[in-house]
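Residue numbers (our numbering), protein chains in the order written: chain A, 1 to 165; chain B, 1001 to 1100.
By construction, these hints were calculated from the structure, which means they are not laboratory data.
Idealized CB from N, CA, C, for every residue including glycine.
Accuracy of the hints is not assured; some may be wrong.
[Stated by the list, open to error] Here are the simulated BS3-like cross-link-like pairs (lysine-lysine), alpha carbons at most 27 Å apart as the crow flies: (1) B:K1087 / A:K161; (2) B:K1087 / B:K1099; (3) A:K161 / B:K1099.
[As the list claims (entries may be wrong)] Here are a few chain B residues that face chain A, going by a calculated C-beta distance under 8 Å: (4) L1014; (5) N1040; (6) A1073; (7) A1074.
[As the list claims (entries may be wrong)] So the derived label-pair ranges between C-beta atoms look like this: (8) A:L14 / B:R1085: 34 to 44 Å; (9) B:E1094 / A:W110: 36 to 46 Å; (10) A:V19 / B:L1086: 25 to 35 Å; (11) B:E1094 / A:R162: 16 to 26 Å; (12) B:K1087 / A:V19: 25 to 35 Å; (13) B:I1079 / A:E122: 43 to 53 Å; (14) B:L1097 / A:A128: 45 to 55 Å; (15) A:Q90 / B:G1055: 15 to 25 Å; (16) B:G1055 / A:R162: 42 to 52 Å; (17) A:V151 / B:G1055: 26 to 36 Å.
Chain by chain, the residues:
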Amino acid sequence: MVTFAFYVLALLTLASALVVVTHRNPVVAAVALAFNLVSIAGFYILLGAQFIGLLQVIVYAGAIMVLILFVIMLLNLSEEAPPRAAGTFQRVLAPAVTLLFAVVLGRALWSGGPATLPPPSEGFGTAAVLGRELFTRFYYPFEVISLLLIVAMVGAVLLAKRKLT
Amino acid sequence: MIDPRLVLVLSAALFSLGVAGVLLRRGAISILMCIELMLNSANLAFITFARVHGGPEAQIYVFFVMTLAAAEAAAGLAIVIALFRLKGTTDVDEISLLKW
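Excised from the complex, chain A in its bound form (with noise of 0.2 Å):
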């Protein structure tokens, strides 16, 4: 059963991608990308961690893409331009460069990589251990993570408005 929905969410997960790396028209691509978040989720929760798959719902699927897509509509594109004429230079080698990128990758990971999968420890995964190991051993990196947030946001603001002069 796991195994079964293990290859249904790699089948949608990869599909999804290859749609958001294709697709010429922006919201098809935003809202590919929407699905491909959530089949991720779904990968999380397969792994036993709940909180973080909850979170990349909430977080990713909802705020990040509605964010996205609510950008599009702001700039109401349509079609991207075509991709740069068959033959350049960039058209051959990025591809080419990605595929042998893929290959070397996949297989460090398959063959360096850790074969079984142990039963989750005590509390994987949940609210309870995340928030305690939050708030005493990563304070700090939290509190500078929230800095980097107000950062964002105020430079978001200060960019994106409409100049006065």
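Fit chain B to the given chain A structure using the hints.
Below, chain B alone, put in the same frame as chain A:
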């Protein structure tokens, strides 16, 4: 049971798709979406290793990466809006303000 290596290979494939998208796409928003794809594939690998090693650290890192992705999306999209206002396009080939 799931083979964790399969999940890792899947995350490698997703990351490579994201790289291909960044290299091939021309719309600034499409490139941002491909970057989100790459961040997510890294998160998937983090969670797999968290499960294999059992500790909470990797999940905390995923939490931080998500926060970073939110900040990146906000700042990146603001830049896209500013560029669109300036040039009337989000095509990255047209944006060469710093080139001479």
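For each hint, the structure was consulted:
no., hint, in the structure
1, B:K1087 / A:K161, "16 Å, holds"
2, B:K1087 / B:K1099, "15 Å, holds"
3, A:K161 / B:K1099, "25 Å, holds"
4, L1014, "5 Å, holds"
5, N1040, "5 Å, holds"
6, A1073, "5 Å, holds"
7, A1074, "4 Å, holds"
8, A:L14 / B:R1085: 34 to 44 Å, "36 Å, holds"
9, B:E1094 / A:W110: 36 to 46 Å, "41 Å, holds"
10, A:V19 / B:L1086: 25 to 35 Å, "30 Å, holds"
11, B:E1094 / A:R162: 16 to 26 Å, "21 Å, holds"
12, B:K1087 / A:V19: 25 to 35 Å, "28 Å, holds"
13, B:I1079 / A:E122: 43 to 53 Å, "45 Å, holds"
14, B:L1097 / A:A128: 45 to 55 Å, "50 Å, holds"
15, A:Q90 / B:G1055: 15 to 25 Å, "42 Å, violated"
16, B:G1055 / A:R162: 42 to 52 Å, "48 Å, holds"
17, A:V151 / B:G1055: 26 to 36 Å, "30 Å, holds"
When held up to the earlier numbered hints, the structure conflicts with hint 15 and nothing else.
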